[in-house]
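Heads up: the sequence lines are chains F and R, in that order. Counting from 1 along the first sequence, just add 125 to a position and that's the residue number in our numbering. Counting from 1 along the second sequence, just add 125 to a position and that's the residue number in our numbering.
Calculated directly from the structure, the hints in this document are not laboratory data. You may find that some hints are simply not true.
Note that the list lumps identical chains together, so a pair holds whenever it fits in one copy or between two copies.
[Claimed, not checked] Straight-line Cα separation of at most 27 Å, DSSO-like style, residue types lysine-lysine; simulated pairs:
id : residue 1 : residue 2
1  : Lys127    : Lys186
2  : Lys165    : Lys135
3  : Lys127    : Lys165
4  : Lys186    : Lys165
There are 2 protein chains.
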Amino acid sequence: MKARVHVMLKDGVLDPQGEAIRHALGSLGFEGVTGVRQGKVIELDLAPGTTEAQVDEMCRKLLANTVIESYRIELPGAPVPTSGAEERGGPDAA
Amino acid sequence: MKARVHVMLKDGVLDPQGEAIRHALGSLGFEGVTGVRQGKVIELDLAPGTTEAQVDEMCRKLLANTVIESYRIELPGAPVPTSGAEERGGPDAA
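Using the sequences and the accompanying hints, generate a full structural model.
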């Protein structure tokens with residue numbers, strides 16, 4: 126069984142990597158790229174029967190730094206989340 | 126308009142970061158995690174009218190190293206790809 130975890134910096138947290146990508150895209154001649162944010166995606170091969178609660182605990186304990194990052198869990202069989210749905214990790218940083 | 130690009134190491138390419146995560150999850154007491162792969166997700170704010178072909182070119186020129194990485198593009202309005210569909214960047218590394 127596979128799970129996928131998306132970890133993104135919260136809104137308001139400076140993202141120098143994303144900024145570097147935006148600048149590089151501009152230098153390469155790609156106009157109209159107004160913002161870039163870079164995050165991580167972690168694919169987990171899990172034993173059958175692993176629950177979403179367990180994956181959530183992995184995120185809180187290791188995979189995401191919930192002070193500055195939010196995360197989203199995709200499990201097989203679960204409904205495909207719409208954009209922005211189910212972001213976890215607490216409120217956005219100021 | 127937002128686009129999202131997923132960049133993953135191809136199968137067969139060693140992923141030390143993923144391996145470190147797998148080991149750390151085991152140390153934390155999470156049993157049954159048999160494999161971990163870590164990739165990147167890049168969210169792009171694009172001018173309206175930017176085509177998928179342009180995003181594809183960004184991937185090939187900057188965002189992904191197609192020697193060792195495959196990528197997948199998510200555009201708003203496009204059908205949600207099923208897992209494994211539309212992986213680009215050429216065949217898996219041996």
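Which numbered conditions among the earlier hints are violated in the structure presented, ordered from lowest to highest?
-> none
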